[in-house]
Amino acid sequence: MTLVTVAQKYRQQSPLVFCLTNTVVTNFTANVLLASGAAPAMTNLPGEAGPFAAVASAVLVNLGTPSTEQLRAMDEAVRGATKAGTPWVLDPVAVGALPVRTEFARKILAQHPTLIRGNASEILALAGYQSTGRGVDAQDTVSAAISAGRELAQNYGSVVAISGAADAIIDATRTTLVHSNGIGLTGITGGGCALGAVCAGMLAITDDPFEATIAAHGMYGLAAENALALSRGPGSFASAFLDELSLFAPEELLNLRLQEANHA
Amino acid sequence: MTLVTVAQKYRQQSPLVFCLTNTVVTNFTANVLLASGAAPAMTNLPGEAGPFAAVASAVLVNLGTPSTEQLRAMDEAVRGATKAGTPWVLDPVAVGALPVRTEFARKILAQHPTLIRGNASEILALAGYQSTGRGVDAQDTVSAAISAGRELAQNYGSVVAISGAADAIIDATRTTLVHSNGIGLTGITGGGCALGAVCAGMLAITDDPFEATIAAHGMYGLAAENALALSRGPGSFASAFLDELSLFAPEELLNLRLQEANHA
Amino acid sequence: MTLVTVAQKYRQQSPLVFCLTNTVVTNFTANVLLASGAAPAMTNLPGEAGPFAAVASAVLVNLGTPSTEQLRAMDEAVRGATKAGTPWVLDPVAVGALPVRTEFARKILAQHPTLIRGNASEILALAGYQSTGRGVDAQDTVSAAISAGRELAQNYGSVVAISGAADAIIDATRTTLVHSNGIGLTGITGGGCALGAVCAGMLAITDDPFEATIAAHGMYGLAAENALALSRGPGSFASAFLDELSLFAPEELLNLRLQEANHA
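Residue numbers (my numbering), protein chains in the order written: chain A, 1 to 264; chain B, 1 to 264; chain C, 1 to 264.
Be careful, since some hints might not be right.
Derived contacts from chain A toward chain B, CB cut-off under 8 Å, selection only [as the list claims (entries may be wrong)]:
(1) THR26
(2) ALA35
(3) THR43
(4) LEU45
(5) PRO51
(6) LEU247
Bear in mind the hints are in silico, worked out from the structure with no lab data behind them. Yeah, the Cβ is synthetic: ideal placement off N, Cα and C, and Gly gets one too.
Given the sequences, and given the hints that come with them, work out the whole structure.
If you want it as structure tokens, here you go:
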């Protein structure tokens, strides 16, 4: 499929994205999914998470603010998704900086996430390298994390997306850089977290997770560019971003600036 | 009282609405209550929920994202409310689609909620019928759920409100349809959840829960219509909706389009 | 330092503020921190909270909606902060009105918060006096709580900030009133909670917590005044407030209206 077709089908099919995510971004994530054309749903309860992962279109596991009970639900959701063949996204928020989630993230890697999406510091840490992240902020550049991303892609069969000035989308053999002006997204909380949810939705649309991830980053990044032109600060940006996601025309993806590189 | 008088008293008395609600909509719900003229308060802790339900003006129990601990607090809150005569609202989010909350919702029905507010699929499922909801989305029409709503109203002495293209307000003997253009509310998360909180506040104003529920739906729906005219997408709608709730004049309820039907 | 210098350094250093806060205001608090120039981070997990409090620039403990697990994490965070010399803020939300948090707040007072920030009813209750708060609303005036604030300041070596029509900043020997038109902040949820987070960030900038607290209240209050002029209700205010925080020029603090009073 072309990226335009993927985005069109996303709107038509409205994938049901089951999000196990952090308490800071629940509302923004749900609103981003709705604005983009998908349907959000959340539960963090063991006994519900497993069965729901089996019927949802896709699952997002975001490690931002786990509780003990949510970690159990995440474990259940990942097993449910894997068993049912539901695509799932791992967002390893603050992995490397905080211990409990770091151990948990390494454990569920063994379940082969369809996509791993994080910033450079998180991807480096998840792959076992030294990173310099503090909390949720990346202190490493995207280019410094690409080889770590490739290792994760090769070891776990996952697509890896690294958010930064340009976003790198990586699989076992390819790296594509997606260029957009995402500066507005760095001024609000949840810019990366909600992107993970949109990626999850796109994974439900096409069997090619590499293409799905590029489509998600493209739609998200271009909507952010559109919103930036209409905003005077982070408050008006957040509002305009939801508007622009809902007004986004799939054909705009024809203008997406992509840069492809084969792995060395 | 007339609907206008109910809304005026709501503003004057600023009912304290104790919300046990889901993590996706806490912020929006609190802001909706404030904008409408009420006072929000939340705790999900056993040991606090029971005593607080006894002193609050009204209680909202929304099953969107329960934790094990929150379910215990909800159980305590419902008992505290019942014992103290505090009106309470049950919002059976995703009942029918997810198992733990479904069982819990059926259990606390025995405590006779003053109001049950949900979408058509949730009302059907709560009444024991087959529904086709997926997650939080209704896949059934309001009209298909009216007889199920009437059964709940008759069996538990509750008012039942079903949200949809037109909202149906039902008690043991009457059904009133409240018409408003709520399309903006379907584009953001929490549109229904926050309405449940406003309903709870209105229940504290008048001894007639049927009238209170119509007043809440009327104020909410008309403010949403006003906001829609000022918005270009879900981000600007959410912002305009809070503005319009705060600017809402109770006299606007004179223009509310109601349609009454006796039960067959 | 002058207040202008404190605010300039805050922007330059971007303190990492670890927030253990309530589920209603997580998103707004993180966005306020980002807009003001700081970096937010959250975890509520025992095993993560202690180590993170030791490396963060400052810690906020806000008791708005504690879970049993979050209370354990808060206890751990406070001990970690104290041991590492990290400044920390206690926001005793609804203390006096709700029992579990009241007992917990009194317990962690023994760890000497750098700053205690609350409304008049909460400060009175924390100091052991009768208050008339209901839920999160203050029913007492700031002036009625100043002597209680002074007692807390003297007994625990803390700065105490009482939010109201004018905000009172108190230490063992001084009281300064910070005047600004914060009426917009009373129309949205989290206005006080997010201020506590900004205060925490400022505490990381200067060794003088009294000055830091005045700088935080000044920046916050003046940004709220600027936003009020641009808004037509609470929705547009919330958006404009984040914009104005991000556009705030530290030099605006030269116009801050302060009123100093020695203790009797």
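Verification of the supplied hints:
Contact between THR26/A and chain B, as hinted, is supported at the beta carbon level, the nearest pair being about 4 Å apart and thus within 8 Å. The interface hint given for ALA35/A is met, as the beta carbon of that residue sits about 5 Å from the closest beta carbon of chain B, less than 8 Å. With a least beta-carbon distance of about 6 Å to chain B, the hint placing THR43/A at the interface is held under the 8 Å criterion. Because the beta carbon of LEU45/A sits about 5 Å from the nearest beta carbon in chain B, less than 8 Å, this interface hint is met.
Satisfaction of the interface hint for PRO51/A is found here, the shortest Cβ-Cβ separation to chain B being roughly 7 Å, below the 8 Å cut-off. Annotation: interface hint on LEU247/A holds; nearest CB of chain B at approximately 6 Å, less than 8 Å.
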